[in-house]
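Chains as they are written, first to last, in my numbering: chain A, 1 to 185; chain B, 1001 to 1185.
Errors might be hidden in some of the hints.
Pairs of lysine-lysine, DSS-like flavour, derived with a Cα cap of 27 Å [to be verified]: (1) K1020/B to K1037/B; (2) K1053/B to K1043/B; (3) K37/A to K1037/B; (4) K1020/B to K53/A; (5) K1142/B to K37/A; (6) K53/A to K43/A; (7) K1020/B to K1008/B; (8) K1043/B to K20/A; (9) K142/A to K1020/B; (10) K20/A to K37/A; (11) K1043/B to K53/A; (12) K53/A to K1008/B; (13) K8/A to K20/A; (14) K1037/B to K142/A; (15) K142/A to K1142/B; (16) K20/A to K1053/B; (17) K8/A to K1043/B; (18) K37/A to K1043/B; (19) K1053/B to K43/A; (20) K1147/B to K43/A; (21) K1043/B to K1020/B.
No wet-lab data here; the hints were simulated from the structure.
There are 2 protein chains.
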Amino acid sequence: MNNATLNKTTNGIDTETQQKIMDMMTGQPELAIVTFKASNDWKGATRSRSEFKTFTAAGQEHNHAQTHVVESDLPNAFLGSDQNATPGEYALHALAACMNSTMVYNCAARGITVRSSRVRISGDLDARGFMRLSDEVSAGYKQIRIKFYVDADASEEVIRDLVEGTPMFNTFAHPVPMAVSINMA
Amino acid sequence: MNNATLNKTTNGIDTETQQKIMDMMTGQPELAIVTFKASNDWKGATRSRSEFKTFTAAGQEHNHAQTHVVESDLPNAFLGSDQNATPGEYALHALAACMNSTMVYNCAARGITVRSSRVRISGDLDARGFMRLSDEVSAGYKQIRIKFYVDADASEEVIRDLVEGTPMFNTFAHPVPMAVSINMA
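Excised from the complex, chain A in its bound form (with noise of 0.2 Å):
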């Protein structure tokens, strides 16, 4: 029996165990900063895979329990095979599942019970911009709409405020400082 089993656990986390990781955060910030890595290889046309293996948190590098590999493609429309998601869908769904789950991992630390959450994400794009024939196209995502359903022991200002806040809300929000280096074989 570990841990978990034995604490308190509020939507499946175990509450006592994410005091002590706020409270360590709390007191040595450098200890909070975590950096997220992927290596991904083009395999052939549309197609492309990410592998996530190390992770660095709390100072020192974690090995991910396995691998974790996901690989995306691009429909029959737009002369990929459609094996997998897009890239594009992948950004909503990194979008909507940290809304999502960082929602109720905030919640748990204050008591709310979630009994339900799902989320329904749609984007725009100008495939001009994708394929390079305007200059005045932007390529990227024109707006995002995001609607939640909860069933919550929490105000709807509440969750606005938690899904609001999360990283990969302000990551979009936000312009991210990117740093780019291409090395040509």
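On the provided structure of chain A, position chain B as indicated by the hints.
Same frame as chain A, but now just chain B:
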């Protein structure tokens, strides 16, 4: 034998059909709008699951060849069960996969052969934002580093221009307008 087999290909892309799609979008820009959609359900504790069933392109709704499903989790260090990659890692995948395969796609349109392309990507988050421990800490990615290793008949400058023109690079580089609605059961 389908058209893709009869037509000329570069990097696995049917460049004759690609040119027709580009001509269509230049002539009728309204057909270039693409809407991606997902539904995401919280699956207990730190887990959630997204489904991608349909998307809108060229003015009509399309079904994916099959419904694509992806799941996310958190590592044990964040009280998850580490069964899948984290939302933050999926965001890195979306970005790297888009930059990688879209660059290859646009190389094909220019007659540039790409033999291999690999991306190493990493990004830093402050988990005090994730856990709502400080209003002064931004919850989103503070910085993302992207290293390309490309074997192609092109200069570094051409590859950089294509990579930095991609949909997800521009999504992360600029603020995305987002409309959030919260519906309580």
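Here is how each hint holds up against the structure:
1. At roughly 26 Å between alpha-carbon atoms, K1020/B and K1037/B fall within 27 Å of each other, so this suggested pair holds.
2. The straight-line distance between the Cα atoms of K1053/B and K1043/B is roughly 19 Å, inside the 27 Å bound, and the hint therefore holds.
3. Between K37/A and K1037/B the CA atoms are separated by roughly 26 Å; this keeps the pair inside 27 Å, and the hint holds.
4. Of the supplied pair hints, the one linking K1020/B and K53/A is violated, its CA atoms being roughly 40 Å apart against a limit of 27 Å.
5. Note on K1142/B and K37/A: the hinted pairing holds, with a Cα-Cα distance of about 14 Å set against a maximum of 27 Å.
6. Straight-line distance between C-alpha atoms of K53/A and K43/A comes to about 19 Å, which keeps the hinted pair within the 27 Å bound.
7. The suggested pairing of K1020/B with K1008/B holds, with an alpha-carbon distance near 13 Å, which does not exceed 27 Å.
8. Proposed proximity of K1043/B and K20/A is supported: the alpha carbons are some 24 Å apart, at most 27 Å.
9. Straight-line distance between C-alpha atoms of K142/A and K1020/B comes to about 25 Å, which keeps the hinted pair within the 27 Å bound.
10. Taking the CA atoms of K20/A and K37/A, the gap is near 26 Å; set against the 27 Å cutoff, the hint holds.
11. Restraint check: the Cα-Cα separation between K1043/B and K53/A comes to about 23 Å, which is no more than 27 Å; the hinted pair holds.
12. For the proposed pair K53/A and K1008/B, the alpha carbon gap of about 38 Å is over 27 Å, so the pair is violated.
13. For the hint pairing K8/A with K20/A, the CA-to-CA distance comes to about 13 Å; that is within 27 Å, so the pair holds.
14. Restraint check: the Cα-Cα separation between K1037/B and K142/A comes to about 14 Å, which is no more than 27 Å; the hinted pair holds.
15. A hinted pair counts as satisfied when its Cα atoms are at most 27 Å apart, and K142/A with K1142/B qualifies at roughly 22 Å.
16. Our distance criterion of 27 Å between C-alpha atoms is broken by K20/A and K1053/B, whose separation comes to about 40 Å.
17. Between K8/A and K1043/B the alpha-carbon distance is near 19 Å, which keeps this suggested pair within the 27 Å criterion.
18. Between K37/A and K1043/B the alpha-carbon distance is near 25 Å, which keeps this suggested pair within the 27 Å criterion.
19. Simply put, K1053/B and K43/A have alpha-carbon atoms about 23 Å apart, close enough for the 27 Å limit, and the pair holds.
20. The suggested pairing of K1147/B with K43/A holds, with an alpha-carbon distance near 17 Å, which does not exceed 27 Å.
21. For the hint pairing K1043/B with K1020/B, the CA-to-CA distance comes to about 43 Å; that exceeds 27 Å, so the pair is violated.
Checked against the numbered hints above, the structure violates hints 4, 12, 16, 21; every other hint is satisfied.
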